[in-house]
Each structure stands twice: as C-alpha cells, then as structure tokens.
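Kindly generate the complete structure, drawing on both the sequences and the hints.
Residues per chain, in single letters:
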Amino acid sequence: MHRQLWLASVVALSAVTPAVSETAPAAVAYEEGAVAQSLSGQPGDPESGAKIMTTNALGNCVACHQIAAMPDVPFQGDIAPPLDGVADRYDEAHLRGIVANAKMTFDGTFMPAFYKTTGFVRPGNAYTGKAPEGELAPILTAQQIEDVVAYLLTLKE
Amino acid sequence: MMHRKFTSRLAATALGIALSGAAFAEPVEDTLTIETDDGEITLVTQAPAPAHLEGALKTIYSGWHFREDDTRGMQKDDFDNPGMVFVDRGMDSWNAAQGANGESCAGCHQGPESMAGLRAVMPRVDAKTGSLMIMEDYINGCVTERMGLEAWGVTSNKMKDMLALISMQSRGEVVNVAVDGPAAPFYEKGKEIYYTRYGQLEMSCANCHEDNYGNFIRADHLSQGQVSGFPVYRLKDAGLVSAQQRFVGCVRDTRAETFKAGSDEFKALELYVASRGNGLSVEGVGVRH
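In the order they appear, the protein sequences are chains P and B. Each number in this note's numbering comes from the position in the first sequence (counting from 1) with 1008 added on. Each number in this note's numbering comes from the position in the second sequence (counting from 1) with 43 added on.
Hints in this document: simulated from the structure, not taken from any laboratory. All C-beta atoms, glycine included, are put in the ideal place defined by N, C-alpha and C. Misleading hints may appear alongside valid ones.
Said to hold, decoys possible - Think about it this way: if two alpha-carbon atoms lie no more than 27 Å apart in a straight line, the pair counts; the simulated DSS-like pairs of lysine-lysine are:
#1 171/B <-> 1138/P
#2 101/B <-> 1138/P
#3 1124/P <-> 201/B
#4 303/B <-> 171/B
To be verified - Okay, the calculated bits of chain B under chain P, using three or more residues with CB under 8 Å as the criterion:
#5 79-90
#6 233-243
#7 247-256
Right, here's the structure in full:
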C-alpha cells in the first residue's frame, strides 16, 4: 500500500521531472544481494522484459539460461541454472539485485552485472572493441532491469 | 556439466534449423584422419594436459572436437577443406619474385618444406634477438629487411596465406612450445591475461574456455580455445582466421577494448594459449564453424 502511494506520487511528478526517482547504478543499495525499491521508480513490463532477455545486445539471458516458458526461442545455452520457477526461489527484491549485479549474491559469478558502470578492466564501447566514448552506460537501463524482473516474477512452477 | 533440455531442441526443430550440433554437449568422440595427396594422416586431437596445466585441465582437446559433423568432416579430406585454396595462394606467393630486387622466399629458403617443424614451437623467443616472435614477425622480418618491402598487415590476406602454407609444413607434428627459460616472463604475462576478466561483461578466457568448455553459450558449443588448428578456415567468415584475429574477436565479445592483433599483449597470450595445447598436433589449416 505504501508502495502504491509512492508510485502514485511518482506518476504525478513524472510529467515534470521524469528521472527524479531513478536510482543511478552507483547509488543502488544492496542488502545481502537484494534491492528493495524499483530502480526506475516505475513498475516493470513483463512483455518488454521477455524481449530484453532474448535480445543479444541487451540481456541475452538465454545465452546462459534455459527458460522452458520460452519454447520458441532457439539455442538456449546451458551454462547457468534454468530460470523456470525462479520466482518461487527468490522474492522481487532479490531478483532485482541478481539482475542488477549478480556478484552481490553469487561471489565471483560468471553472470555479468547488468546495472553497473565502474570497476571494469578495459571496458569497451559496447561490442565495437574500441575504448568507450565518455562515461560508460550500464548494459541495461533502470527501466529495462525492472522489465526483466517483472518477467522473472511470472516464472512460477 | 548440464545437458540441453529437450524443449530447446524441439523449438529449434520447429524453426527448421539444422540440429547436428545441439544434440551433444561434450567433445565429440571422433578421430581426425585426413585424406591427403600423400595418403592418410591421423592427427592427435585429444591428449593428456601438459604438466603446467595441472589443476586446470586433465585432458586437452582440439576445437575440432566441438564442431558439428559436417564441419569436422570437411577437415577429414584436403579436397573438402576450403582452407587449402589459401595454402595454394601462399605457395604462389612463396615462389613469386616480389621483393624490391626480385627476391622470393623460395630464392633463399628453397621449398616451403624448409619450414617443417617451425609452427609446432611457435610462438617462441628468438635465440639471437631475445624477442618474442609470432610467425607473423618472422615473415615480416624477411619481407621488410630481406626483401625491401613494406611490412605486410598482421591480419592481411597475404599474411594469412603465408601462415597457412608454413603451418601445413608441420601438420601432424606435436605442439611443443617452450614455457621456461627465456619464454618464462612471456608465459607469465600471457597467463595473467588469460585469467583476467575483461570488459563490461567481466569475462576471462578461462571463464569460457576452461570453466565452460563443452557447454553451450547460446548456439555456440564452447571449446577449450586451443590454437593448434590455426590458421583456421572459418565457415562464418568464408575465409582464414589467424589466432591473433580470433583473440581480438573473443575479447571484443566481452564488451572490452581489445588489444591489437600483433600487440605485445596478444603475442604473449598466443604463447601461453599455444602452450596449453602442448601435446596436440598442428592441424595445418583447421576448419571451424
């Protein structure tokens, strides 16, 4: 209820200052790997989340994870645990934390941190192989993280 | 290691995608016996890991074991190996009087057989100069100092044709790259690069090619990232790819700023990666997906 009120005020504000409630990558507070509040201040859209998860240059989660609920996505990788039923294993806050920076939950994990902009060795300008121009953007935006989390929350067994 | 679920295979079938590669996860059991003009030759594509890899790998495998049936098949007959065209081109270049004063490789080195055995010990530290040399450095040394020409581009077609020709002279010989003595500092440098997690994806060579070989990353069946097959003919690029080029591609895929082909970093990395294949045969020109 508290959250709904808060969201309502965000919606009211957003016409004037759209990004005011967005949490920057460096400001995300992880509590044992979990992140309680929406990074964008908005709810996520699961349909968009599914798209992000299967798009190479975005999440490309299926490069490593299998998702039985996406039977028409070919060539799902088998490097990481399948994501089926993941919403039974983690709550929303923890899923958000894993997607934003899985290293806060799984020490040294192979899974990339999707909402992080510092601490890299020779980061590049996306997949060009060149040095970045200006400041690094996270791989996914705050809203894209929320969209992915919204989709993950549908994965109940 | 995990196995692919039936569901994803089924999905791919529905889209009519050829599936020969998706049905296995481990290196394929197969023997690389090649039909050549001079009869059959069987290569070592699987061997106990060299001592310096203790604790990291038990068995080393050529990347050939991780490719699909038809790709592996192409390497079993020189007639079907698309890389052989480039070996022929390398031969033409070898014989051509292309130096500033009409010098040719053949004029000084006689036939390319004079290079037999070299590929199996490369990269190495040159005994006279103490410099770390990849094959490209030797070739360019002759091109510039002994033929009076501009250096060939490290990844140019001319260079790769010559790599293919010289590599073929050692086909079947067992890789034996020195890791100690003067090579030791380069080995250490290459090893450090191998285990560094580069780029915004924070991935090291080892994350993919040591921890996850045999697994699928999306459609790609991960090998150990050995260079014993190089230069390889890559079907996707319809051309030759050198080890230096492959390194650029793999680092770029981690959303990193890559090192350049022929850089000190990638030369040290090539020495280290080649030494991880000590015990495998030089393949001449491999065929990959």
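Within 27 Å, alpha carbon to alpha carbon, are residue 171/B and residue 1138/P? violated (36 Å)
Can the region 79-90 of chain B be counted as covered by chain P under the rule of three residues or more with Cβ-Cβ separation shorter than 8 Å? violated (count 0)
Satisfaction of hint between residue 201/B and residue 1124/P, Cα-Cα up to 27 Å: violated (42 Å)
Per-stretch coverage check for the region 247-256 of chain B, three Cβ contacts closer than 8 Å to chain P: With 3 residues close enough to chain P, the hint holds.
Using C-beta distances, would you say chain P covers the region 233-243 of chain B, given that this needs three or more residues below 8 Å? It holds, with 5 qualifying residues against the three required.
27 Å limit on alpha-carbon distance, applied to hinted pair residue 303/B and residue 171/B: holds (26 Å)
Take a quick look at whether residue 101/B and residue 1138/P sit within 27 Å of each other, Cα to Cα. Outside the cut-off at roughly 36 Å; violated.
In the structure shown, a violation is registered for the earlier hints numbered 1, 2, 3 and 5, in ascending order.
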